[in-house]
Amino acid sequence: MSADKLIDVRNLNVTFKGEEGPVYAVSDVSFDLAAGETLALLGESGCGKSVTMKSLMRLHPAHKTRIEGQINIDGVDLLSMRPAALSAMRGKTVSMVFQEPMLAFDPVYTVGDQIIESVMRHEGFSRVDARKRALEMLERVRIPSAAKRLDAYPHEMSGGMRQRAMIALALACKPKILLADEPTTALDATVQIQVLLLLKELQRELGMSMIFVTHDVGVAIEVADRTAVMYAGRIIEEGPVDDVLSNPWHPYTQGLLGATVHPGMDRKQALPAIPGSPPQLTRQITECAFAARCSYRTDECMKPMPAAYQAQTRAVRCIHALAEV
Amino acid sequence: MTALLRVQDLKKYFPVGKDLLGRPTQVVQAVDGVSFSVEKGRTLGIVGESGCGKSTTARLLMHLIEPDEGRISIRGKEFGNISGRHPVAELRRQMQMVFQDSYASLNPRLTIEDSIAFGPQIHGVSEREARQQARDLLEKVGLNPNVFVRRYPHELSGGQRQRVNIARALAIKPEIVLLDEAVSALDKSVQAQVLNLLSDLKKEFGLTYLFISHDLNVVQYISDDVMVMYLGQVVESGPVEQLYQNPAHPYTRALLSSVPSQTPHERKQHKVLEGDPPNPIAPPSGCRFHPRCEHARAICSSQQPETTRVEGLHQAACFMLPANPNHEKYIQLQEVSA
Ligand SMILES: Nc1ncnc2c1ncn2[C@@H]1O[C@H](COP(=O)(O)OP(=O)(O)OP(=O)(O)O)[C@@H](O)[C@H]1O
Ligand SMILES: Nc1ncnc2c1ncn2[C@@H]1O[C@H](COP(=O)(O)OP(=O)(O)OP(=O)(O)O)[C@@H](O)[C@H]1O
Ligand code: SF4
Ligand SMILES: [Mg+2]
Ligand SMILES: [Mg+2]
Chain L
119 MSADKLIDVR
129 NLNVTFKGEE
139 GPVYAVSDVS
149 FDLAAGETLA
159 LLGESGCGKS
169 VTMKSLMRLH
179 PAHKTRIEGQ
189 INIDGVDLLS
199 MRPAALSAMR
209 GKTVSMVFQE
219 PMLAFDPVYT
229 VGDQIIESVM
239 RHEGFSRVDA
249 RKRALEMLER
259 VRIPSAAKRL
269 DAYPHEMSGG
279 MRQRAMIALA
289 LACKPKILLA
299 DEPTTALDAT
309 VQIQVLLLLK
319 ELQRELGMSM
329 IFVTHDVGVA
339 IEVADRTAVM
349 YAGRIIEEGP
359 VDDVLSNPWH
369 PYTQGLLGAT
379 VHPGMDRKQA
389 LPAIPGSPPQ
399 LTRQITECAF
409 AARCSYRTDE
419 CMKPMPAAYQ
429 AQTRAVRCIH
439 ALAEV
Chain X
-11 MTALLRVQDL
-1 KKYFPVGKDL
9 LGRPTQVVQA
19 VDGVSFSVEK
29 GRTLGIVGES
39 GCGKSTTARL
49 LMHLIEPDEG
59 RISIRGKEFG
69 NISGRHPVAE
79 LRRQMQMVFQ
89 DSYASLNPRL
99 TIEDSIAFGP
109 QIHGVSEREA
119 RQQARDLLEK
129 VGLNPNVFVR
139 RYPHELSGGQ
149 RQRVNIARAL
159 AIKPEIVLLD
169 EAVSALDKSV
179 QAQVLNLLSD
189 LKKEFGLTYL
199 FISHDLNVVQ
209 YISDDVMVMY
219 LGQVVESGPV
229 EQLYQNPAHP
239 YTRALLSSVP
249 SQTPHERKQH
259 KVLEGDPPNP
269 IAPPSGCRFH
279 PRCEHARAIC
289 SSQQPETTRV
299 EGLHQAACFM
309 LPANPNHEKY
319 IQLQEVSA
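These protein sequence lines map, in sequence, to chains L and X. Take the numbering used here: the final residue in the first sequence is number 443, and no numbers are missing along the way. Take the numbering used here: the final residue in the second sequence is number 326, and no numbers are missing along the way.
Bear in mind the hints are in silico, worked out from the structure with no lab data behind them. Misleading hints may appear alongside valid ones.
Here are the simulated distance ranges between beta carbons [stated by the list, open to error]:
(1) Gly194(X) x Ala153(L): 35 to 41 angstroms
(2) Lys161(X) x Arg415(L): 37 to 43 angstroms
(3) Asn69(X) x Val226(L): 24 to 30 angstroms
(4) Lys135(L) x Glu254(X): 42 to 48 angstroms
(5) Ser114(X) x Glu319(L): 54 to 60 angstroms
(6) Pro393(L) x Glu316(X): 45 to 51 angstroms
(7) Ser245(X) x Ser198(L): 46 to 52 angstroms
(8) Gly68(X) x Val194(L): 58 to 64 angstroms
(9) Val76(X) x Ser413(L): 56 to 62 angstroms
(10) Arg415(L) x Phe193(X): 51 to 57 angstroms
(11) Phe193(X) x Leu197(L): 47 to 53 angstroms
(12) Gln120(X) x Pro393(L): 21 to 27 angstroms
All C-beta atoms in this analysis are idealised placements derived from N, C-alpha and C, irrespective of residue type, glycine included.
All chains, please: the whole structure from these sequences, using the hints.
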């Protein structure tokens, strides 16, 4: 592992012990991230993006989850960390903006109290100073009448305000790594671009690294240096964001980009969704996980999948994709 | 044509803050004089600044909260649990909502199947039939029923939960469906699949949709008409092509030009909307957009612009429009230096 890697994930597997047997949510995922770098995580709904992110903070309930592989965060082996060290790390070294704002905020406390509490705990600030920091953060994420909203309960905010408040909470302790799970989907376009620019500014200021989960290719282009595309629990394509998005190699990435609604599309035409549905994650998939839906499929695709093919700065998990390159 | 759904001068103010006696000290003007109507079989897209009152409007339509003022009617009928009105239970058979927060809107103790089958059973469908229907609907929104029926909400991904919510709303077979950010958590291929499903259902059953979304490309694709809100009010509305091709209100223009490009080589230099985000507790005087508007002149801060025709059914509330009764006054007055 090289020293400049803030995050280094090797062969991560996350399995849930469900009532109906195991769910293989994340399979053999490897990636790394340097300081100041941003990775956009794209992919199918249910492919394991949030599960991967939560693993980086070890937020899965231990008794129901099996995590294998290696996760190094800022040089520390996350999977062997003790509870005290873990809770010191969460919100300080690594911070997360959750997909569901209601999960981040406790409905019985005001938004301000929750930010203040976090700042007092991690930064050792007095209550007065922590309140100042909380207010400053709410203002930076452009919450209207921020001073008033400090005393608002989560349910008293609109969806977009809650999401911005969560970004404020996540950034309040100036983390080294920000995991942002669809942080701008609930925002209108004018606020979204402000928040994206703000995150980039804070990133420069703090040298922060980001992983950005998004379904919006436009957002990925705006913030990310690299992108990883996930499908059925694995990363199937990875590389510089411009290269991957302007010239996708994996048939799934091609299908995904092809299904995107573009401005001024013919409204009478049905949208070109990828036919079929993703595989069940209740069995361990060894072949190419996309094979059942892929128009390039051959018998080769059904054999155990080799590791990702590397080509210069890019990687892809499809035996046919590379032949074309 | 008569409207299926008609909304007139709807208002909802939320009390906030508390004084020593626990009395509210201020109010948020969440929805402030909203009027619109939707014809049967059409889709009205609703867009606007976050916090401008879209979800509140939808919750008012569902009678989850009661308006302070204004009227809501479906085919001329008004609903409400007071005498002289039609019962809200009847309304819920005709109108269903998919909520923005997919997590908060599912009962965590019910399996997916129970959640979807619950509504129809209340409305008299047998349990067996309701369960079968739940499975069919799951299939239609792209979730394998064999895998998902017995799962609980926390065992689903965000996009999977959102589709369960769509299935649940459709299970009642309503005429009108309010979709509040209902496809925003889906990947683009599943989103395409769900949008195709919504279009098919609309054709098959003549459904009417109110489609609230921040995704302006999707709104353009799915909507027949679009309504743009800013700070509790409607600032522009009209048929989708006209509104997108020729946005009249400065806020609509700022909104449309903030959409990030979908292709790497056309990355934009964004012109960020300047000024402070609006404060719904003390909204600006006159045109609520004036402190951030590059075209604002003196009249904009003293007087509310009338809703004015742009062309045909396309209308906007801005003094810049030639048809605005105060347009001459706007032209004559000095520009406000920023
Ligand atoms: N506690 C759990 N028990 C069983 N399966 C689970 C659990 N949590 C998640 N899953 C499953 O794991 C898979 C990955 O879920 P995850 O939330 O990571 O998806 P995602 O990529 O974030 O999708 P989305 O874009 O829809 O949010 C999904 O198929 C989901 O159903
Ligand atoms: N229960 C409540 N108490 C106090 N204020 C509220 C309440 N519900 C909503 N508000 C406020 O009313 C305004 C409108 O909120 P609403 O949720 O309708 O916005 P929205 O247009 O749906 O925004 P978004 O796009 O962010 O979801 C916001 O300022 C919000 O904070
Ligand atoms: S009325 Fe005035 S302030 Fe309002 S949008 Fe038009 S020009 Fe701008
Ligand atoms: Mg997710
Ligand atoms: Mg809302």
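Hint by hint, work out which the structure violates, then give me just those numbers in ascending order. Failing hints, ascending: 1, 6, 9 and 10.
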